[in-house]
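Novice: Read off the chains here:
2 protein chains.
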Amino acid sequence: MDTWSYSILGFDPARAALDGSRFLCANGYMGLRGAPEEAGRELYPAVTLAGVYDQYRDKWREPVNAPHALFARTSFNGKEYALGAEPHEAHRCGLDYRHGVYCRETDFGPVTVRSERFASLPLCHLLADRYQVTAHEDGEVVIRCGISTDIWDINGPHLFDFRLDEGEVLTARAVTGQKGILVAVSQYVQRDFDAEERQVQDETGVFRLLHCPVKKGQILTLDIFAAVYTSLDVLDPLERCAEVRHLTGYEALKTQHAAAWEGVWRRSEIQIEGDDEAARALHASQYHLNCVAPRHALSMSIPARGLSGQTYKGAIFWDSEIFFFPMFVHTQPGVARSLLRYRIETLPGALKKAAEYGYRGAFYAWESQEGGEEGCTNFNVVDVFTHRPVRTYFRDKQIHISADIVYALRQYYEITGDRTLLEEGGAEVILQCARFYLSRANAHLDTGDVDFADVIGPDEYHERVTNNAFTNRMIRHCVESALGLKQIFADDPGMMDGLMKKLDYEKDWALLSRMYGRIRAPQTRDSVIEQFDGYFRLEDCSLQTVRGRLCDPKEYWGGDHGVAGTTEIIKQADVIAMLALFPEDFSDADVRANWAYYEPRTEHGSSLSACMYALTACRIGRLEEAWQLFMKTASIDIVGGGKQWAGEIYIGGTHPASNGGAWMIAALGFAGLRMRSGVPEVHPRLPRQLKRLTFPVTAGEKRYVIDVRRTESGETEYSVTEMG
Amino acid sequence: MDTWSYSILGFDPARAALDGSRFLCANGYMGLRGAPEEAGRELYPAVTLAGVYDQYRDKWREPVNAPHALFARTSFNGKEYALGAEPHEAHRCGLDYRHGVYCRETDFGPVTVRSERFASLPLCHLLADRYQVTAHEDGEVVIRCGISTDIWDINGPHLFDFRLDEGEVLTARAVTGQKGILVAVSQYVQRDFDAEERQVQDETGVFRLLHCPVKKGQILTLDIFAAVYTSLDVLDPLERCAEVRHLTGYEALKTQHAAAWEGVWRRSEIQIEGDDEAARALHASQYHLNCVAPRHALSMSIPARGLSGQTYKGAIFWDSEIFFFPMFVHTQPGVARSLLRYRIETLPGALKKAAEYGYRGAFYAWESQEGGEEGCTNFNVVDVFTHRPVRTYFRDKQIHISADIVYALRQYYEITGDRTLLEEGGAEVILQCARFYLSRANAHLDTGDVDFADVIGPDEYHERVTNNAFTNRMIRHCVESALGLKQIFADDPGMMDGLMKKLDYEKDWALLSRMYGRIRAPQTRDSVIEQFDGYFRLEDCSLQTVRGRLCDPKEYWGGDHGVAGTTEIIKQADVIAMLALFPEDFSDADVRANWAYYEPRTEHGSSLSACMYALTACRIGRLEEAWQLFMKTASIDIVGGGKQWAGEIYIGGTHPASNGGAWMIAALGFAGLRMRSGVPEVHPRLPRQLKRLTFPVTAGEKRYVIDVRRTESGETEYSVTEMG
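So the protein sequences, as listed, match chains Y and C.
Take the first sequence: its letters are residues 1 to 724, numbered as in our numbering.
Take the second sequence: its letters are residues 725 to 1448, numbered as in our numbering.
Keep in mind the hints are simulated off the structure, nothing from the lab.
You may find that some hints are simply not true.
Partial pick of chain Y residues on the chain C-facing surface, computed with a CB cut under 10 Å [said to hold, decoys possible]:
no.	residue
1	R266
2	G358
3	K507
4	R549
5	L550
Result set (EDC-like, lysine to aspartate or glutamate): computed pairs, CA atoms no more than 16 Å apart in a straight line [unchecked claim]:
no.	chain 1	residue 1	chain 2	residue 2
6	C	K939	C	D916
7	C	K1231	Y	D446
8	Y	K507	C	D1170
9	C	K1426	C	E1441
We treat Cβ as the ideally placed atom computed from N, Cα and C, and that holds for glycine.
Take the sequences, apply the hints, and build the full model.
Specialist: Have a look at this one:
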């Protein structure tokens, strides 16, 4: 079994949305969905741009899809062949995870169309496609290829004022409606056959028509190159696009691209032996996270659905810091740094949001877009019965987001030993986040205790709760991180003094010192931590009972109106997430009690859930369950899993949080990796399905290889090797 | 026009629930619904007992309906005549508000049934009915009369283990299911005709069968007396019931009853000249409030739907203190005292409720039943689409209830000058309520300001808001009242010292003194007070728009899921209620600005709304609007108005809050009555519809008559006369 690729036979238009995601090519700058070259909107093709957002009328803001410059459609003897529209004899498509190359082959009868393509990892503005047509009869092939401006959008259109230009290089440019960002794309071709070329344009784009008489058995090979630039990247997007004609040929570009991917895998690949399905799932998983990493940018983060489309508004969630960040900080700290720089640069947005709610400090956006702008609205769900928007509280009450960012900032410092990120704004972020919690705190006048009331924890089904254990613990960590800065900068007191002065922080520092010990600790019952005040008073019933109360399968489960909101059924790991993030606070017995209590009460209705349960399951030796959760998590972007709907809102796409979660389960769970003063330690918990687990870790300047294996006698042995 | 009675012609079973309420006879101890004597369950007959509650299984706790001992049904020549079941030629029924006497007359063709009945005001356990049958042909009349145990309940059954006894007096006794309270009723008759009497009993009750041959034109008069006692009243309910046979006859009892009502009117009647409709509406309104006053009990309050049935669980709401209390405290302070004593005696329930939520002090029940037990559940609405119960927050977040009680306690002291109620527990209630707010306060660590977060104000459509202006103002008043106690008892420092010691209050006193000035004042915009933090950021749309979004007419408007919850549309007076209760805090210009803003945004979906708008309208001279609101309020229990449904829950019945509101509008609004150091002052605002307004006021030992009239030249003149 080839654990490095995944392919499917046959074509089913009902699966088109899923296929577009699981056969995604991406390079951090853009994502090219896995639709066939000839696809019209109905098959959801898209080139989704990272960090370029637009709002159309009062619809949701979402990322912009560029015009599709790899469009190609073949006609033979006057008849057009397109998947979905015309019958075909056979179809196959697949993805090579090792090198990020998509390929497809479709036998339409008289002709076969074959392609392979990639979004170049080293040249992030480039898409390349080797498009081949084989004739099975004599006749005339016409390939219509060019730039399609007929773009699929969820909440579009976003591009206006198109200008299309013909020539050696086809170009299209347009501007976004809201901010007038210029988006330019170009297309250039090289071919190994003679053809009469005409160029045409209409409201659907600008195209070449390549007419070529063919003999039976003849293969036409067309190499298509597309470039994408926006005015956010460069001053002259259109000129840069034109440069596509100076590129070396397809093979050279592909070699360069493959080499870049080899480099990524050298830094990050987890090799496993013992289960090929699992090995492939992990490759898929790591591919999907690696391909959306912003390697081209010093300050950029990763949307919750990667670059697989416009789902979730292309926004940055806490997923970035808690679920994506661990793989990167342990393997590719440059990417981790970019993720955090994005937060440092968007601090002004967080200060603004806090002020909007009457607080001080930094309250980061729940769904952060460019500049830290809040993409989350007050209405995120549509009621299935009334079709009215439902007020949700993700935007205003999920206050743990600021502490999540601080958690990652501190992890970055502790794992890499690199203090510069703190110096270059990270420390200021930490202080402003702590200040936010100070001003958000609800102090009891009589006891001096501090509640955090009216919040939402990771389990979004329970809105507006008080003293969510996870949130309070994260806040405590945030305050501790703020107060710990003076220690980190003990050798450079001027740095902290300057910051304290700049932020007028003296009084807040004193208040934070006092608040730190007064934050309400969670209640427990037989070692089970109450998720929030009053959770144990909710109806205690089974997941099945709750599901049985649904009147419509698309109903939203959460909030007071949802079937779960008034019960102990939770959406995802919450207390368990706390146990996973703060392992040293809790004994194994604590973990055991809480796992046994919460797991059956968890719907796992989020890709953020399984990984936390699996990590804690490893710790307490529930390896069978950890394995099941790992397989579910790792294979999510192969089988296509997870919820497709929240109320009436489509939420499909890839699952970078699961991808990051799969890495965490394997590395932090099965191998039990912990960094201690910059040196990896392992505490293996190898499931019976695995024989061996090998992966690299980067810590500061040093690189290590972790190797965990089961001997023939059934013992687990391991090595940690520092690489030269 | 007779402004003292109301009657209707014809019978419509679809109107039976309404008629049962508007033709209610009650005396504070019990309410006898205005159904015909022969009514079966389908016409909603009931004898609802004040202060006797029961819960059946997991249904709502509600007041108990006693067996119906005035049941009577006539047969003539073998055929039974019953309204609703048999056709009739003519029907009329009515209520004499002056003396609380119901009468009906039904011409069934061969016989006419006529009755008049009352719930005795001086003898609160007694019901009496003069039942007359006129034969229009020769033949035989059989009257079946006795005790029906076939009881209508909303959430019953509540009575079990029935024991029925025949004899000179028929008796029935049973016990409630939850607490085993014994309920006994008896029936005794006197008749002016010879009859053969047999007695029968079956599962529907115990009855006399009176057989009597009649001649055409003969009238049979049967006087029926029923007694009701429970084991909460006396040790021997059944023996006391048997005493019904020693009573003097119907006429004497009626005379005594009428005299008692004359006494009530002497104390409370508002006479108006100029509009007979209004005069009658006011009589109806005052009747309905006076008839449910607990004159028989030293410590009892009035349910939100009076004694007209089991709606709203027969519970005591803030209606008692804010809407019922003003008429009583100004006219019949003994009743006002009983209402407040109920709160003093139920303090333990309020302490328990606060503790249940993790607070100290007294958090009174939102829907208080006996002993202050909370009758309000977490689910008060049923969703019309899913038929699932909806989590509402009335129970846990409507914290103004404790301050409402303090408001009335202080009013009682200020108007009556009577300090004994404070001495006998009232002061302790005030201190415990203030302590509750102290422990419920959310202090900002940095600014020291105090929020009250996560509350519901009077406008229940907006749940879980922060710094509701009304609530914060009421809390400030409560704290001020607590801190003012030392002044009131300046001549008796031992009293306060003892209390402070008993309650271990020193530290809280200091904290309250500090908190008092830090409670967040409301935001304003162009003098308009923001109802709560963020209200002005809600969607500002018309009532019509919001109503247009309903997908089902029975939908609940409130909460995040309701059509109003995310808009500025409110259920009832909220900011305006604050202006009405604290007139001296605000200028006329403030009232004008707020009235103009809030009135168009108010659904008036509660009987608690109109009166507050009318009171403030009087102040700013919007007399036409005040008059319309007055007429709507005063006539509600004649025309039957108000919402009948909240979600799928029936909420019909009489409207004591409107009744009390009508008194408030007339006395406090039109006459502008204010008590200053125990002496009435008037500031008349006579609407053009009125020529004269006259009413008595009691203040301590003194009684006054207020007389406001318009002279022929259009001037308003008035007099305040102290009566000897």
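Novice: Report holds or violated for the interface hint on G358(Y), using the least CB-CB distance to chain C and a cut-off of 10 Å.
Specialist: 7 Å, holds
Novice: Should the interface hint for L550(Y) be scored as holding, given a Cβ-Cβ cut-off of 10 Å against chain C?
Specialist: Holds: closest Cβ of chain C sits about 9 Å from L550(Y), inside 10 Å.
Novice: For the pair supplied as a hint, K939(C) and D916(C), is the alpha-carbon distance within the 16 Å limit?
Specialist: 15 Å, holds
Novice: Checking one constraint from the list: CA of K1426(C) to CA of E1441(C), max 16 Å. Satisfied?
Specialist: 23 Å, violated
Novice: Check the hint pairing K1231(C) with D446(Y) against an upper bound of 16 Å on the C-alpha distance.
Specialist: 8 Å, holds
Novice: Let's test the interface hint: is any C-beta of chain C closer than 10 Å to that of R266(Y)?
Specialist: Violated - the Cβ of R266(Y) stays beyond 10 Å from chain C, reaching only about 50 Å at its closest.
Novice: Hold the hint about K507(Y) up to the distance rule: shortest CB distance to chain C must be less than 10 Å.
Specialist: 7 Å, holds
Novice: Does R549(Y) pass the interface hint, meaning its C-beta sits closer than 10 Å to a C-beta of chain C?
Specialist: 7 Å, holds
Novice: Between the alpha carbons of K507(Y) and D1170(C), is the straight-line distance 16 Å or under?
Specialist: 8 Å, holds
Checked against the numbered hints above, the structure breaks hints 1, 9 and satisfies the rest.
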